[in-house]
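Order-wise, the sequence lines are chains A, B and C.
Using this note's numbering, the first residue of the first sequence is number 249, and each one after it goes up by one.
Using this note's numbering, the first residue of the second sequence is number 249, and each one after it goes up by one.
Using this note's numbering, the first residue of the third sequence is number 249, and each one after it goes up by one.
One thing to keep in mind: the hints can contain errors.
DSS-like cross-link-like pairs, simulated, lysine-lysine; straight-line CA separation at most 25 Å [what the hints assert, rightly or not]:
(1) A:Lys322 with A:Lys422
(2) C:Lys425 with C:Lys322
(3) C:Lys438 with A:Lys425
(4) A:Lys425 with B:Lys442
(5) B:Lys442 with C:Lys478
(6) A:Lys425 with A:Lys478
Hints were generated in silico from the structure; no laboratory data involved.
These numbers were taken from a predicted model, which means no experiment stands behind them.
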Amino acid sequence: MNIRAIPPTIFAIALSAVSVTAADAWANPNLEELAGELAALKAEVTTLRQEAQAATDYVAIANLQASYGYYVDKMRWDEAADLFTKTATLEIAGRGVFAGQDRIRTYLHALGELTYGTLFNHMQLQPVIHIGNDGVTASARWRTLMQVGHLGEEARWGEGTYENEYVKEDGIWKINKLHSYITFYVEYDKGWNKGAVPLPKHLDNLEPDAEATVKYGAFPDVFVPPYHYKNPVTGQ
Amino acid sequence: MNIRAIPPTIFAIALSAVSVTAADAWANPNLEELAGELAALKAEVTTLRQEAQAATDYVAIANLQASYGYYVDKMRWDEAADLFTKTATLEIAGRGVFAGQDRIRTYLHALGELTYGTLFNHMQLQPVIHIGNDGVTASARWRTLMQVGHLGEEARWGEGTYENEYVKEDGIWKINKLHSYITFYVEYDKGWNKGAVPLPKHLDNLEPDAEATVKYGAFPDVFVPPYHYKNPVTGQ
Amino acid sequence: MNIRAIPPTIFAIALSAVSVTAADAWANPNLEELAGELAALKAEVTTLRQEAQAATDYVAIANLQASYGYYVDKMRWDEAADLFTKTATLEIAGRGVFAGQDRIRTYLHALGELTYGTLFNHMQLQPVIHIGNDGVTASARWRTLMQVGHLGEEARWGEGTYENEYVKEDGIWKINKLHSYITFYVEYDKGWNKGAVPLPKHLDNLEPDAEATVKYGAFPDVFVPPYHYKNPVTGQ
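Between the sequences and the hints, there should be enough to build the whole structure, so can you do that?
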């Protein structure tokens, strides 16, 4: 093709077309649109990532606390203690505060061993779990229904509310604070209209690191364990 | 550079190259591919959004109903009533239907106050939760294990099945219908082989807005509360 | 416009500009960037898909096992049997192994019918659910709290641990293995300090396909049902 053979106007139109096309490619509506759509999608995926992560965290924490319960049932104390952070605290009934995983382990072992005739069920029920906005802290309310006792000795029903805290360390959720408030503790033979077993106090064989942070009585006293969350509808 | 100095063929090749390049940019396989991939990804993210939203809704509803239970345990009636929509209905045992949040609040307060010696535990257990395709309605079956009574008076075990409905208003899940069918209600001292407490009827101090929608008897009668869902495997 | 009228240098600059623009579009940093961002986003969405899918699967399995419990409560045996795969196994207490959905159905029907005065509650509680990396298998530990008996005859509390397996067939989760270890089984009138009902043995009216895979005693014996999972924190 000889450029001189191109009629000037046609050449100009062709050049113009090329220019427009190239300009379109530079500021191409498709490319710009794509970039815009991609940015919007990235933002949406970021939101989704948080939602999916929160759902994953919910499952992890539900599994964690349920696992704690299954270990406690069978007095697998080392397994249970391993679920806590090194700096965790544990406070159950009126037995005071045990600070740090080592002390929590000591406390748990002080509860005894699973031997013939022992029943020590601590069902972990009714979770209200909230993942923190930081994605590495969480709080949960749970309750435990307890069936405890020993053949030829006592048999008791008990119930308690947990307000627990969790942290995610190196991608793994751990219990950072376990606080169990006893609601009732009664003799199996009596039920809850003929008196109750008092709130358990200090263990005979182990003093706590600090006294109980909240003073309250179990049934027949009534007490509302504090909620870590606001009313889910009113936010108050 | 003088255009006249460009050998025509070279110029033509250059122009052709420019044209091809620009045309490629316009109908560039990469750009088209990208656009196609982006469209596919957008579709996938839409599906993911629904899945993640459903998981988030599941958690919200589980937390909501569990919160309801913790409020009921402690007779925090205003907190509990606030969890319902303005037009919700509540029907428990044989006490009839209470329609609207105000009447639900009145009903709940009519159940009494938490005083020394009262036990009123209503554990919220075993959810089967389905989020509607519209994303703003949901249904759930739950059960409650009840430990109720008063020191020096009665002590009772009870159990019931809920078939509840929820709606999402302004991004917040609320209870729109609560229907509790009592399975059994027995004196602690007797258990469930020596008779049972009859299905609770109208409150002494409050008439319902409508009679019970379903007539049934609690243990020793047997009754299968209707399921809001089909068999999860057969779909029937 | 007459090309001959374009001053040569300006034309050359224009052509050069067009060439650069077109070349940029071909190897345009924006396009390349977009492609890179899209690839990264696709990878992230793939991860999200797995997370969202796992959350969806968690909900499906929780609903499935809870549904099983509601059917068992009311002795809806066909509904319950339909939740199993064709090749599933079922093993409860000391009654041996039943292999295949048909035999599971036969076993369930052999447990009797829901008639006036029957209580057969099997609450499904405290799940620890793990979805396999393949996305089509899962394992879960659950526990059941049982309230069983018959008016004028026996009344019993019982508790057991399940270690179950699930598979996803054609997009639907089903129970592939149900293994229930009884923890305790006691007369309501006695509680758990005056002896216990022995671990249920073979049904009177139905021999199993194989003997129990695990020999153990219920309370007052103590036994730790094997865990399908490692310690969630230590991984051991």
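How the hints compare with the structure:
no. : hint                   : result
1   : A:Lys322 with A:Lys422 : holds, 20 Å
2   : C:Lys425 with C:Lys322 : holds, 21 Å
3   : C:Lys438 with A:Lys425 : violated, 37 Å
4   : A:Lys425 with B:Lys442 : violated, 44 Å
5   : B:Lys442 with C:Lys478 : violated, 45 Å
6   : A:Lys425 with A:Lys478 : holds, 19 Å
Hint check: violations occur at hints 3, 4, 5; the rest are consistent with the structure.
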